[in-house]
Amino acid sequence: MLHDLLNALALVLVIEGILPFANPAGMRKAWLAMAQLDDRALRVAGLLSMLTGVALLYLFR
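Under this note's numbering, think of the first position of the sequence shown as 1, with each following residue one higher.
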């Protein structure tokens, strides 16, 4: 189980590194836009991201 968790963490780091590597200016704009959002909007985005991840895990397992 620990091995799977570490593999998942490694994949997250690889996937999250793709956009800043490929388009740093676009990523900077996205971060600036996110900084302007209120807390509720960020929480909803985080919740949707987590639910999507759980749904994908359920589908793929």
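Quick caveat, the hints were computed from the structure, so don't treat them as lab data.
Careful: at least some of the hints might be erroneous.
Pair ranges (Cβ atoms, derived) [as the list claims (entries may be wrong)]:
id, residue 1, residue 2, range
1, Arg40, Ala10, 30 to 38 Å
2, Val54, Ile18, 21 to 29 Å
3, Val44, Ile18, 18 to 26 Å
4, Ala25, Arg61, 23 to 31 Å
Cut-off 20 Å, straight-line C-alpha distance, at most; resulting in silico cross-link-like pairs (SDA-like, lysine to any residue) [to be verified]:
id, residue 1, residue 2
5, Lys29, Leu11
6, Lys29, Gly17
7, Lys29, Ala45
8, Lys29, Gly46
9, Lys29, Leu42
10, Lys29, Asp39
11, Lys29, Ile15
12, Lys29, Glu16
13, Lys29, Ala10
14, Lys29, Leu19
From the three backbone atoms N, C-alpha and C, an ideal C-beta is built for every residue, glycine too.
Evaluated hints:
no.	hint	in the structure
1	Arg40 / Ala10: 30 to 38 Å	holds (32 Å)
2	Val54 / Ile18: 21 to 29 Å	holds (22 Å)
3	Val44 / Ile18: 18 to 26 Å	holds (24 Å)
4	Ala25 / Arg61: 23 to 31 Å	violated (37 Å)
5	Lys29 / Leu11	violated (24 Å)
6	Lys29 / Gly17	holds (16 Å)
7	Lys29 / Ala45	holds (17 Å)
8	Lys29 / Gly46	holds (19 Å)
9	Lys29 / Leu42	holds (16 Å)
10	Lys29 / Asp39	holds (19 Å)
11	Lys29 / Ile15	holds (18 Å)
12	Lys29 / Glu16	holds (16 Å)
13	Lys29 / Ala10	violated (25 Å)
14	Lys29 / Leu19	holds (12 Å)
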